[in-house]
Amino acid sequence: MKKKVLLMGKAHSGKTSMRSIIFANYLARDTMRLSPTLDVEHHHVRFLGNLVLNLWDCGGQDAFYESYFERDRETIFRSVELLIYVFDIESDNPEKDFDHFSGVLEAIEENSPDARIFVLVHKMDLVHEDERDVIFEDRQRIIQAHSRGLSLQCFATSIWDETLYKAWSEIVTNLIPNIQLLKTHLDDFCRISDADEVVLFERATFLVIAHTSQNAAQHNFDAHRFEKISNIVKQFKLSCGKTQAGFQGMEVKNSLFSAFIDAFTENTYIMVIVSDPQIETAATLINIKNAREHFEKNFARS
Amino acid sequence: MSSPLPKVLLFGPRRSGKSSIKQVLFSKMSPHETLFRLESTPTPQHLIVDTNRLSQFELIDFPGDWDEASNNPIFLGLSCFVFVLDAQDEPYDLVLSYLTNLISKATKVNPRIHVHVFINKVDGELFLSEEAKYDCRRDIVSLVQEEMETFQGLDNVNVEYYLTSIYDHSVYESFSKVVQKLVPALNTIESLLNVLVERNGMEKAFLFDVASKLYISTDSNPVDAAGYELCSDMIDVVLDVSGIYGGRHNSDSNREIDDGSKGEGEGGEQDKSVTEEEKNGYYDSESCAAIHLSNGIVLYLKEVESMLALVCLTREESFGRRGLVDYNIGVFKEAIKKMIEVAGPK
Ligand SMILES: Nc1nc2c(ncn2[C@@H]2O[C@H](COP(=O)(O)OP(=O)(O)OP(=O)(O)O)[C@@H](O)[C@H]2O)c(=O)[nH]1
Ligand SMILES: Nc1nc2c(ncn2[C@@H]2O[C@H](COP(=O)(O)OP(=O)(O)O)[C@@H](O)[C@H]2O)c(=O)[nH]1
Ligand SMILES: [Mg+2]
Ligand SMILES: [Mg+2]
Chain A
1 MKKKVLLMGK AHSGKTSMRS IIFANYLARD TMRLSPTLDV EHHHVRFLGN LVLNLWDCGG
61 QDAFYESYFE RDRETIFRSV ELLIYVFDIE SDNPEKDFDH FSGVLEAIEE NSPDARIFVL
121 VHKMDLVHED ERDVIFEDRQ RIIQAHSRGL SLQCFATSIW DETLYKAWSE IVTNLIPNIQ
181 LLKTHLDDFC RISDADEVVL FERATFLVIA HTSQNAAQHN FDAHRFEKIS NIVKQFKLSC
241 GKTQAGFQGM EVKNSLFSAF IDAFTENTYI MVIVSDPQIE TAATLINIKN AREHFEKNFA
301 RS
Chain B
1 MSSPLPKVLL FGPRRSGKSS IKQVLFSKMS PHETLFRLES TPTPQHLIVD TNRLSQFELI
61 DFPGDWDEAS NNPIFLGLSC FVFVLDAQDE PYDLVLSYLT NLISKATKVN PRIHVHVFIN
121 KVDGELFLSE EAKYDCRRDI VSLVQEEMET FQGLDNVNVE YYLTSIYDHS VYESFSKVVQ
181 KLVPALNTIE SLLNVLVERN GMEKAFLFDV ASKLYISTDS NPVDAAGYEL CSDMIDVVLD
241 VSGIYGGRHN SDSNREIDDG SKGEGEGGEQ DKSVTEEEKN GYYDSESCAA IHLSNGIVLY
301 LKEVESMLAL VCLTREESFG RRGLVDYNIG VFKEAIKKMI EVAGPK
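As you go down the protein sequences, you meet chains A and B in turn.
Using the UniProt record's numbering, the first residue of the first sequence is number 1, and each one after it goes up by one.
Using the UniProt record's numbering, the first residue of the second sequence is number 1, and each one after it goes up by one.
I should point out that these hints are in silico values taken from the structure, not numbers from a laboratory.
Virtual Cβ for every residue (Gly too), placed ideally from N, Cα, C.
Treat the hints with care, as some may be off.
[As the list claims (entries may be wrong)] Looking from chain B toward chain A, a few residues come up when the C-beta cut is under 10 Å (computed):
1. H46
2. D50
3. D236
4. S285
5. C288
6. L301
7. E305
8. M339
[Said to hold, decoys possible] Covered, in the sense of this in silico footprint (three residues per stretch, anywhere, with C-beta under 8 Å from a C-beta of chain B), are these stretches of chain A:
9. 114-121
10. 228-237
Bound-form chain B, shown alone (with noise of 0.2 Å):
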């Protein structure tokens, strides 16, 4: 354990949907399950999210309206936190004074914190439009605006909003955005994108963390949204299909005899990294898939390194020297690959 690892806390109101969000990207609970499966937050839960080399970090599920950080030891060595709110609960007066009390105690531990509010629970009858949501959207950050004037000092703070569904792709992309203000080699990452779709003509790259299907990182050519929720849509699609015909216990029961050995970790850890191996078994270094689209549009995967995927759009005509861009993708690899192990071990 030689640096700790950067912390993400989830902040909000009661029932805003905070544990709801930690549960379906990490946990992999569907969305409605949410509806009954989740009690109220009694105590701040932990989860160590380390499933790929490059994004690890400690994700913080808070209880809702907590307020003991007035003695802020929490925010000390923190870089961001996360506040969730609920769209379908107005007014929002209270919930953003307390937004801004919170951003007013972190700032004074650490200026440059990064806020990042999630305009949470975006679906459903009142938000069938995109207008409706943009509506609310505005009529947050006029609020917060406003609320922070009569505080002393908040004028540079780094408040970022993003409007989220767990029912849709928006907490994905927008948790991604969290996550890769966290990544140290952001920067290179996406260089190394850059030249990779520069070569081969492609038209997107996305790198992403197969487990919770956050990106970590992409070219600099703009997100257009249908085509990372494609992408997105395709992790889904690799990991179910290998996990039906590609489960390595499937082919090979001499490895369940070998696999019987395991008792070394009753311990509660050790426990759950052993089943989420397992579990995550059937992504393997020759994970690879192509999906083709009749708008002349291949979506490419490629297994990177443990559990990250490259994942790009690429038009069938450059797809056809799929030798190239074997290449190319082998390349980025080995560059990936260098980066973690100076990095060094985790």
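For reference, chain A alone in the conformation it holds in the complex (with noise of 0.2 Å):
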């Protein structure tokens, strides 16, 4: 199943860069020797084993723009799945941003009006920390106002933290078909094995693709949990990969939790939390097994 995305932005805005780092298993500091796209790069990534992303990583510059909506055109926005419209947050010329902007918008409702459509404020980072929820929402505010009428989501992303993993994983669930389903399956797995929480995410780049609690609001974790564990254990994936060792699984306790994350079906990797200390570690895993095999069984090749 092929889906095409388009990733469009100002150059320098930071869509090699993201894309880098989701799909190509780049650093966030590898990112600083990236050379300007040029025209348009395809790049086709495989999710979740056979649906297949067809980036368009489109390069910013002005020039490139111009082609985009005259010759190009059709070529650029036709049948377009998902659009991701990249905003940097240090622009030096905000206004030809939104030129730019409602141009792209213009072309997809014309080309593909179905398309979902995805704003990143990106490289937040460069903000300060206490001024980010205002800055941000001024932001989306004005890209509202740009809107056309078109329904968009948008997120605050940068690399150097974990809501580059929450805004692509919020981005990426949208073209999982069986998603409710799946969903479904967590939930039962997770009351059966007496888990406070279970969460699933695709192997490769191990974003997270549906997760389910139980008592979570007596818990009051973190709500930017999901997307921090993928950032981890990204980032730790990745330093095995340089001792030319795969990582398999991990077990992490202390006095008040076991968290287990184990390699689950042939595209997943999963995690189970576990604060009941009645529970013993063999049972969990032997949950973890049995649960392996009926995922494997109803979701292999869907």
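These two chains come separately, so use the hints to put the complex back together.
Next comes the structure, spelled out in structure tokens:
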């Protein structure tokens, strides 16, 4: 199943950086060496086995926009499934950014009226922590005002923290067909194994694809925990890569919790959180094993 | 305050990365933040590093090109200093004569002083290959030796060179070696680790300070950089995951009310240690983790004492006898505990 994804925004706004970190195992600091994208770079990335994202990374220099809007208009904007538009929070010419943005939305509306639209307000690490919310709200308001009535979703992102994973998880899960069914099975598994929480990650990217919790309110966990875990484990996987050894699974505990993160189905990893001290590690491991067989059978080639 | 803490001084030219090293290692600043969060240091900055009870010291970050060392009382009672230079800022001659001057002044006060030279910023375009780094070190070593020959009595000074970058593990590994020289019971710890590794057929074992990720000691098998890096990264994983799911304030709301009474320390220093403790509350006496790799190696971490962790690399076969492994680690833990008690209250 192929899905066309357009990645657009001004030159130097961070499009190629994000794509490289999420899909090509770059470290954030490796992106400092990226050179500007010329025209459109096409990348096919496999997600969850047989979902293929056909990523169009569109170089953002003004000259390219002229051809995107004129000569190549149809080629670019036809049969788009997702549009991801990136704004650089430190842009020196916001006016112009919005001209391009409006142009892109107009072309999308014309050629792919059903495309889903995501806007990333990027490089938020450059804004002081205390001001991030306010500045993001403000930006979001301006973006909405330029949206031509199309519905779109905004995220604040930075390659230097977990916000990157949050945004891309939400974006990509939009493309997974049977996500609701997957979630139901995950709910069952969480209940049967008396876990506090179960999270499913895509194997290659470690993006969160589904999660479920019992009594989460009682725990008062960090709202950003899933994307934080994505970030933490992905970093560690990359360190393992340097030693030619693959990451297989882990178990972390202290006096209050145990976390199990393990290779699950062919295309996923699972994390199970248990805080009830009555539950033996061995029991949890057996539950994970049984669930693995069950999920392999039900979601093998969906 | 019985015996004063040993001191580690950071010297070097302006913008060589002294404050960055201090912030990255001991204040959890991320390396890229040093790009825009650090100003030039105007006066010496003191930091007490005493998160664990085995390696404690005072770190002093000096302003760049600091020259008031002339009347050198600062070298009194000093066992080492770290000189940080910027490998990307050639030529080196001025910087290196500053270094040799410092060495000459310091050795007048303490002839056995240890000098650690951090050749910093060996990253980026200029240092993509290992060879480029080694060439740089070779050049600097020979320049310093040349320069030292012009002074009298510097033949036996102990100078060690390290290639470092705040963007990778090198700065942690190098600073670990600096700190190890200050640990009084280093030999004993090392032999305890040797025994542990031998009894369990482990590949390697490190004793880490969890807060700074510096390792205090390791067994006498050679350190392989990749293995060390994984152990160090594992500490991040354990702290981060525990911070999310094992924080005390999460599961027990009564505790928060108890904590509400913490009005005791309005004073600066005490405040700091309170927040430090809160921050690290999720690393506790039952902290423990195992990471399985596809090449049959298991990384195993266990709490040893407050803010200390034993991290070992072991084969899946040996790890299978986990009861035995845990028993032997228990013995090691006891020995360390005794050592700390003998040394007395901090
Ligand atoms: N590429 C690279 N840059 C570094 C490294 N260490 C520090 N820097 C950068 O060097 C610059 C100066 O760092 P500081 O830590 O302020 O230098 P300093 O030695 O304390 O400077 P003074 O206080 O003026 O003496 C900052 O922009 C850091 O980001 C490194 O290992 N690699
Ligand atoms: N501070 C900061 N810099 C970023 C971020 N994302 C990307 N960059 C930097 O922005 C520059 C341009 O990125 P690039 O991906 O080539 O932009 P593109 O032209 O949109 O593809 C690179 O130097 C990146 O390191 C971010 O979140 N924060
Ligand atoms: Mg690009
Ligand atoms: Mg400084």
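Verification of the hints:
no., hint, result
1, H46, "violated (26 Å)"
2, D50, "violated (22 Å)"
3, D236, "holds (7 Å)"
4, S285, "holds (7 Å)"
5, C288, "holds (6 Å)"
6, L301, "holds (9 Å)"
7, E305, "violated (15 Å)"
8, M339, "violated (24 Å)"
9, 114-121, "violated (count 0)"
10, 228-237, "holds (count 6)"
In summary, the structure is inconsistent with hints 1, 2, 7, 8, 9 from the numbered list given earlier, while agreeing with the others.
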